[in-house]
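Produce the entire structure from the sequences given, and follow the hints as far as they go.
Each chain, letter by letter, is given below.
There are 2 protein chains.
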Amino acid sequence: MPVLGIDLGGTKISAALVQNHRIVGETTRVPTPKGADKIIEALLALAEQFKKDKLILGLGIATAGIVNPDSGQVVGSTGNLPGWEGTALKKILQSKTALRTHVENDANASAYGEVCAVPELAKKTAVVAVTLGTGIGVGIIIDGKVYRGAHFAAGEAGHIKVSMDNRRRCTCGLWDCWEAYGAGRGLVATAWEMLENVTPQQCPLAAKRDNLKTQDILDAADGGDVLAQSAVHKWHEHVANGLVTLCHTLDPDCFVITGGMSKFVDFDLLRELVADRTLPRVSERLEIHPSVLQEAGGMVGAAELVLQQALQDEQVPAI
Amino acid sequence: MPVLGIDLGGTKISAALVQNHRIVGETTRVPTPKGADKIIEALLALAEQFKKDKLILGLGIATAGIVNPDSGQVVGSTGNLPGWEGTALKKILQSKTALRTHVENDANASAYGEVCAVPELAKKTAVVAVTLGTGIGVGIIIDGKVYRGAHFAAGEAGHIKVSMDNRRRCTCGLWDCWEAYGAGRGLVATAWEMLENVTPQQCPLAAKRDNLKTQDILDAADGGDVLAQSAVHKWHEHVANGLVTLCHTLDPDCFVITGGMSKFVDFDLLRELVADRTLPRVSERLEIHPSVLQEAGGMVGAAELVLQQALQDEQVPAI
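Each protein sequence line maps, in turn, to chains A and B. Numbering-wise (the numbering used here), the first sequence opens with residue 98 and increments by one. Numbering-wise (the numbering used here), the second sequence opens with residue 98 and increments by one.
Mixed in with the good hints, there may be bad ones.
Identical copies look the same in the list; a pair holds intra-copy or inter-copy alike.
Stated by the list, open to error - Straight-line alpha carbon distances no greater than 35 Å define the calculated DSBU-like cross-link-like pairs of lysine-lysine that follow:
hint	residue 1	residue 2
1	135	193
2	188	220
3	131	193
4	149	220
5	151	360
6	188	242
7	221	360
8	109	331
9	220	305
10	242	131
11	242	149
12	221	131
13	331	305
14	151	331
15	221	188
16	305	193
Since the hints were derived computationally from the structure, they do not count as laboratory data.
This is the structure in structure tokens:
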């Protein structure tokens, strides 16, 4: 029987049935409404839609923000979903849908989805999935299980500190967080800095400087623009710097790179930059590769966690 | 029955009997000789000395370098112990002493010693012990067990990258490693930079600039020297920056700070600096405190790991 996996992001909600570690059938996408009540309504409507057509075993939700997966409550805010903190999501959805529900941080769900979909990864000591998007999210799988830390905030590695001079402010309010450099908006900030005092005659991107989009820079780089290419190279260095820090902390077998920005990663370059900055013992055996599931990771992982929870509950002996 | 704990550092070897999570009797210290053969001779002599007087259950060694604790081999070099890489330490010591032997990275041993000595720590999700000395070593305890990573290099966090401009070279050859800022030699480098173009009339430390010792700076700060105080404050910021990155990766319950430099830490200042730079969800419940065992941590932890290994072996059912 399939499980309904839902990925709740800042701009859209995606929902699909998951069976055998993959999406089966169509993925439904709706825009994320404003406000917690409206989001819950949208989630309930999606659950109803899928329940109508098919018997489903449960409901797995991957959401932005810090989540206590035991209570299913969103315990930490995210700038992308104002008013979401404090929502007792599992309790609400379980009581309204009568479906077994699991709520998980989206980066954790995405990492777990990947180890479910790729059997070799499940046997590894440590797999770290890095979602490169508007921000950076990290999910850590140790011995096949999601590692959540003491306050469910493990892998909030978008906010590791990659510089020390208060150069770039992150949307979280802190300074010099990794995602202010290595995420999509980090690439924009890098190009913006490089375009200072550059005229549109020297580089056509300069005309767009104050309204620069990630895609503008990537297109210009593809078109041979030297400044844009240099910004994209710098972005790879910034991504590498964070991976180096994760290497020297967690010493993973493997990084899985996913998220909207991951399709612009030159993996050979990234591997080279990481190896250059890492102790040989660590980098020699390290693997870095693109995600297999890509944007389906959150849905697959959240759904798989429902199944894992169900199995665990069955193993508890009856009194 | 006690276990012999030995801590092998770059300058000295310390050995003592360990029972009930603490040192019993005297600690013997000898200088670390040069070369792997000579070090092994010194370790064997210490084992003989302690065996002569008392029945001992086993031998636990905490050593600098990356260690495979299953084989007991030193698999990664350390600048402090040239020629040490590749030494099959457990095999040699076990065959020569006939004692059950466990070999562990010193930062890991120190962290494990601390959770053995402080019962509340053993129940935590994650405890991170940070040894601030000439370099920085980190030991990670997850659910009461040493977390070693995929290549036994977890917690090589002295080499997390805290800046991005290749400003300071680390002794490992990489640039801008945490220990190049937050360890004892980091404080020296910071003061050295601040003393550029400063005359001895302006600051007496300037006279010693090219042969500066950590203690000179700490003494000058204690004596009211403004530049030295500023360097010590900067050093606290540098220590905090690394802890922030560990928070946003591992989300520990607690940091235990140990090592020779830890006695110069102003813990209230350090807590404030970390809280300022960390997501509220993480910092609100985070504890940072000095180690209970201090320099005995490596010996206690290595010895406790011998006992843990013995218990594990007994639990394996006989065929």
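Here's how the hints hold up against the structure:
For the homomeric pair residue 135 and residue 193, the shortest alpha-carbon distance inside one copy (15 Å) is at most 35 Å, but the shortest distance between copies (71 Å) is not. Proximity of residue 188 and residue 220 under a CA criterion of 35 Å is satisfied in both settings, with 33 Å inside one chain copy and 28 Å between copies. In this assembly of identical chains, residue 131 and residue 193 lie within 35 Å of each other by CA distance solely inside one copy; the values are 21 Å within and 71 Å between copies. Taking identical chains as interchangeable, the C-alpha atoms of residue 149 and residue 220 are never at most 35 Å apart, the minima being 37 Å within one chain and 46 Å between chains.
With identical chains, the CA atoms of residue 151 and residue 360 are at most 35 Å apart within one copy only, with a shortest distance of 34 Å there and 64 Å across copies. Both within a single protomer and between protomers do residue 188 and residue 242 lie at most 35 Å apart by alpha-carbon distance, with minima of 23 Å and 33 Å respectively. Taking CA atoms no more than 35 Å apart as the test, residue 221 paired with residue 360 passes inside one copy only; the shortest distance there is 25 Å, against 39 Å between copies. Only within a single protomer do residue 109 and residue 331 lie at most 35 Å apart by alpha-carbon distance; the minimum there is 30 Å, versus 44 Å between protomers.
In this assembly of identical chains, the alpha carbons of residue 220 and residue 305 never lie at most 35 Å apart, being 48 Å within a copy and 55 Å across copies at closest. Proximity of residue 242 to residue 131 under the C-alpha cut-off of 35 Å is restricted to the intra-copy arrangement: shortest distance 33 Å within a copy versus 44 Å between copies. In this assembly of identical chains, residue 242 and residue 149 lie within 35 Å of each other by CA distance solely inside one copy; the values are 32 Å within and 47 Å between copies. When the C-alpha separation of residue 221 and residue 131 is checked against a cutoff of 35 Å, the pair qualifies neither within a copy, at 40 Å, nor between copies, at 38 Å.
Taking the shortest Cα distances, residue 331 and residue 305 sit within 35 Å of each other inside one copy (20 Å), while across copies they are farther apart (39 Å). In this homomeric assembly, residue 151 and residue 331 never come within 35 Å of each other (Cα to Cα): the closest approach is 48 Å inside a single copy and 61 Å across copies. In this assembly of identical chains, the alpha carbons of residue 221 and residue 188 lie at most 35 Å apart whether taken from the same copy (33 Å) or from different copies (27 Å). Proximity of residue 305 to residue 193 under the C-alpha cut-off of 35 Å is found in neither arrangement, the shortest distances being 48 Å within a copy and 73 Å between copies.
Of the numbered hints stated above, those contradicted by the structure are hints 4, 9, 12, 14, 16, listed in ascending order.
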